[in-house]
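Number of protein chains: 2
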Amino acid sequence: MVCKKILLDEKDIPKKWYNLAADLPTPLLPALGPDGSPLEPKMLEKVFPKNLIEQEMSTKRWIDIPEEILEILYRWRPAPLRRAVYLEQHLKTPARIYYKDESVSPAGSHKPNTAVAQAWYNKKFGIKKLTTETGAGQWGCALAFACNLIGLECKVYMVRISFDQKPLRKIMMQVWNAKCVASPSNETNAGREILSKMPDTPGSLGIAISEAIEEAVADKSGATRYSLGSVLNHVLLHQTIIGLEAKKQLAMVGVKKPDVIIGCVGGGSNFAGLAFPFLYDKIHGAKIKIIPVEPTACPTLTRGPFAYDFGDTAGMTPLLPMFTLGHGFIPEPIHAGGLRYHGMAPLVSQAIMDGLVEPRAYDQLKCYASAMLWLKTEGTLPAPETTHAIACAIDEALKAKKEGKKKVILFNYSGHGLMDLAGYAKFLSGGLSDYYLPEEDLKKSLEAIKNFPKPAKFKRG
Amino acid sequence: MVCKKILLDEKDIPKKWYNLAADLPTPLLPALGPDGSPLEPKMLEKVFPKNLIEQEMSTKRWIDIPEEILEILYRWRPAPLRRAVYLEQHLKTPARIYYKDESVSPAGSHKPNTAVAQAWYNKKFGIKKLTTETGAGQWGCALAFACNLIGLECKVYMVRISFDQKPLRKIMMQVWNAKCVASPSNETNAGREILSKMPDTPGSLGIAISEAIEEAVADKSGATRYSLGSVLNHVLLHQTIIGLEAKKQLAMVGVKKPDVIIGCVGGGSNFAGLAFPFLYDKIHGAKIKIIPVEPTACPTLTRGPFAYDFGDTAGMTPLLPMFTLGHGFIPEPIHAGGLRYHGMAPLVSQAIMDGLVEPRAYDQLKCYASAMLWLKTEGTLPAPETTHAIACAIDEALKAKKEGKKKVILFNYSGHGLMDLAGYAKFLSGGLSDYYLPEEDLKKSLEAIKNFPKPAKFKRG
Numbered sequence: 001m002v003c004k005k006i007l008l009d010e011k012d013i014p015k016k017w018y019n020l021a022a023d024l025p026t027p028l029l030p031a032l033g034p035d036g037s038p039l040e041p042k043m044l045e046k047v048f049p050k051n052l053i054e055q056e057m058s059t060k061r062w063i064d065i066p067e068e069i070l071e072i073l074y075r076w077r078p079a080p081l082r083r084a085v086y087l088e089q090h091l092k093t094p095a096r097i098y099y100k101d102e103s104v105s106p107a108g109s110h111k112p113n114t115a116v117a118q119a120w121y122n123k124k125f126g127i128k129k130l131t132t133e134t135g136a137g138q139w140g141c142a143l144a145f146a147c148n149l150i151g152l153e154c155k156v157y158m159v160r161i162s163f164d165q166k167p168l169r170k171i172m173m174q175v176w177n178a179k180c181v182a183s184p185s186n187e188t189n190a191g192r193e194i195l196s197k198m199p200d201t202p203g204s205l206g207i208a209i210s211e212a213i214e215e216a217v218a219d220k221s222g223a224t225r226y227s228l229g230s231v232l233n234h235v236l237l238h239q240t241i242i243g244l245e246a247k248k249q250l251a252m253v254g255v256k257k258p259d260v261i262i263g264c265v266g267g268g269s270n271f272a273g274l275a276f277p278f279l280y281d282k283i284h285g286a287k288i289k290i291i292p293v294e295p296t297a298c299p300t301l302t303r304g305p306f307a308y309d310f311g312d313t314a315g316m317t318p319l320l321p322m323f324t325l326g327h328g329f330i331p332e333p334i335h336a337g338g339l340r341y342h343g344m345a346p347l348v349s350q351a352i353m354d355g356l357v358e359p360r361a362y363d364q365l366k367c368y369a370s371a372m373l374w375l376k377t378e379g380t381l382p383a384p385e386t387t388h389a390i391a392c393a394i395d396e397a398l399k400a401k402k403e404g405k406k407k408v409i410l411f412n413y414s415g416h417g418l419m420d421l422a423g424y425a426k427f428l429s430g431g432l433s434d435y436y437l438p439e440e441d442l443k444k445s446l447e448a449i450k451n452f453p454k455p456a457k458f459k460r461g
Numbered sequence: 001m002v003c004k005k006i007l008l009d010e011k012d013i014p015k016k017w018y019n020l021a022a023d024l025p026t027p028l029l030p031a032l033g034p035d036g037s038p039l040e041p042k043m044l045e046k047v048f049p050k051n052l053i054e055q056e057m058s059t060k061r062w063i064d065i066p067e068e069i070l071e072i073l074y075r076w077r078p079a080p081l082r083r084a085v086y087l088e089q090h091l092k093t094p095a096r097i098y099y100k101d102e103s104v105s106p107a108g109s110h111k112p113n114t115a116v117a118q119a120w121y122n123k124k125f126g127i128k129k130l131t132t133e134t135g136a137g138q139w140g141c142a143l144a145f146a147c148n149l150i151g152l153e154c155k156v157y158m159v160r161i162s163f164d165q166k167p168l169r170k171i172m173m174q175v176w177n178a179k180c181v182a183s184p185s186n187e188t189n190a191g192r193e194i195l196s197k198m199p200d201t202p203g204s205l206g207i208a209i210s211e212a213i214e215e216a217v218a219d220k221s222g223a224t225r226y227s228l229g230s231v232l233n234h235v236l237l238h239q240t241i242i243g244l245e246a247k248k249q250l251a252m253v254g255v256k257k258p259d260v261i262i263g264c265v266g267g268g269s270n271f272a273g274l275a276f277p278f279l280y281d282k283i284h285g286a287k288i289k290i291i292p293v294e295p296t297a298c299p300t301l302t303r304g305p306f307a308y309d310f311g312d313t314a315g316m317t318p319l320l321p322m323f324t325l326g327h328g329f330i331p332e333p334i335h336a337g338g339l340r341y342h343g344m345a346p347l348v349s350q351a352i353m354d355g356l357v358e359p360r361a362y363d364q365l366k367c368y369a370s371a372m373l374w375l376k377t378e379g380t381l382p383a384p385e386t387t388h389a390i391a392c393a394i395d396e397a398l399k400a401k402k403e404g405k406k407k408v409i410l411f412n413y414s415g416h417g418l419m420d421l422a423g424y425a426k427f428l429s430g431g432l433s434d435y436y437l438p439e440e441d442l443k444k445s446l447e448a449i450k451n452f453p454k455p456a457k458f459k460r461g
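As you go down the protein sequences, you meet chains A and B in turn. Each residue of the first sequence is one higher than the last, beginning at 1 in our numbering. Each residue of the second sequence is one higher than the last, beginning at 1 in our numbering.
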């Protein structure tokens, strides 16, 4: 009998996170402060707790996962590694397709892996309250879930248009005891200023980040900090438990290394979580093709330059060395809301610069069509973001068939689509289309960063 | 370390279903045909395929699960048995609380266990299309999922008010390739007749059943059959895989038998699935308290008589020997939609008559409050139906604390609440209340069955 679920015992859960910063052939470039010189850790202390800033700056290869964090992760981890045998049979491919099922977390995606860790470190540092922003709501739900278990207040600024259009995610945050407000709100200077100028604005992730940071920094008691769900080094670090588990699980079925690894990318965290532990092997000589998949509607990796840019739209963050479409770039409202980000995690960006991973862009319609095949064979409903990884896994399985090669393909099933049925309905009724970013528009949005410091000028490491 | 997830290997999945009809101290009374005499199997052949009618009538103790059905169930089975250690710690109870997690199925509940089996037997019998009804949509989704994998057409009549109010479940059926129409519809005589008299009716489960059966029976080619998601013997049989797995999993952590078993009840199938394999032990001398929990708003077991009644509102089914509130009883629109059923599975009903299980009724508000504690400790979002089992498990754990007894409590986590957030929002905003059925209303609804044959008149077995 072919084993379809490879389950790891709780006692075998990884006890350390893997930090790619220790092994990147070209060390990470520094983030830059407002004056354009490398950022001092101290400058982040009003925004993040010191213990997380240390992790953000660390180049230590292995970082212990505190037992108390594992104790929370056990609620759903180790996550199953599954084999998509029914899809394989349908494709008549000699390839084996494995996927790490991160949809089993209570919030429905990989996001709680870092939400729990961040909430725990903040609590340990004496923080009482976390603020954050959320677009479609996945991240806000994950942080609400973590704060509710750990005993922190949680305040989520949710982009107004999502707040109005996606009431379910908002209720999810509420059942986990978080306060969720529409952004722009009347609760911050940034929010009030924007509302006075544009009372009918649908809001944006950039505005919501500004509000969340402002509330954290404005707390004179020092008991509030801000939390981010992707992009940063420590966030990606927390996600590496995904790949570390997958390695052990593949070993259980006799796979020494996968041939192809795939993950969808928005800010980069689910992709990094699965891929980074295998990147270690690749850096040390293993032959593995590693593919981050982005939407053609937001082609950060496939069409953006590697440059210094802000992480948010409003320009409140340090300048980060990354692939970017320009911080003012507003992606089309595709249904894979989690992939609508103008930039990319610096660690992922540097891995691309070093030739270790090979990004690829997929159309929305192709991704939904792949989801329909998945529903017909494996049976489950993937998140619109996840369909990008599925579409690529299918392509790679068909390529293996053409080549007659028994490849092992591994991808990250980053979340379920139960809260994303509206997009499916639109696809089924023929109401969706593809979108390609016109060259002119890209040029225009990159104008905004043309005078920023250039990565080449900074010493690496 | 306390083990929180007890995982069964795929190779150890139960290979047979357990049929309680073989062991009930008092054999089941027969269902009755329109003329009031015991039903002949032949009379069901236009509605169900012969192989399932055989199962419905069988008194064989063990029935083989075909390998092809297991091959489909492996997509999510064996389901995890989990231990609610965080809830235990919060309650400071010496009891151990285990729960079988049926929310992990692709449709989000225990329903696919029988949907897959029914679809498979129908396909084997040469049937091309299944019709069914659905209220809130759980069952319709499960059957859509199963038919899509097995290759059957699926037509779901969804109660109009749910069709309009719960678009997500409707879309879920569509992504699994089912046709979902609002009932009453223009596609059947029953539907047209009702629409001509009451064009604005919100519909009812009774009407939807009538339409689904009519479409199945009306297909002159004989290629269409009807499928029911609870109540019937073969449906409960298919669910016993839940309890059979749980037995093996408890043995893995050294538990010979649980002291208390709990499940919520609407038609009875998730409760029966967990409890029946343990009822076998109880019948053979084991001391186990077995509690089906129903809502006070629909108190079938705690206030209804054991009587012959129709399974549907319109009176199209045979008369079944069961606890009932009268087939015309329309329960209040509580959010646990799956528990809004006037009757109860005959097998569960007979087990109550034989003193083997002890039903209990819980208020809606108490159940939601229990869910909030669950969210704060275990972290996951239960279906409103499931909250009834959780509320009872908490009560039993607190009782064990009072008694100072290290009891083992086992309940069925029948489904997740991700599609039921509207009820939670109403609870959080204080918009929910409890409802007790007035004595007068109960009397009135029981009027309708006063002249039906009485169970006492029929020879048992």
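Rather than coming from a laboratory, the hints here were simulated on the basis of the structure. Accuracy of the hints is not assured; some may be wrong.
Note that identical chains are pooled: a pair holds if it fits in a single copy or bridges any two copies.
As the list claims (entries may be wrong) - Here are the simulated lysine-lysine pairs, DSS-like style, with alpha carbons at most 25 Å apart:
#  : residue 1 : residue 2
1  : 179       : 443
2  : 402       : 123
3  : 376       : 289
4  : 16        : 5
5  : 4         : 399
6  : 15        : 5
7  : 443       : 282
8  : 444       : 4
9  : 124       : 376
10 : 92        : 123
11 : 15        : 42
12 : 406       : 123
13 : 248       : 11
14 : 376       : 179
15 : 42        : 179
request  = Could you tell me which of the numbered hints above are not met by this structure, giving the numbers in increasing order?
outcome  = 1, 2, 3, 7, 8, 11, 12, 15
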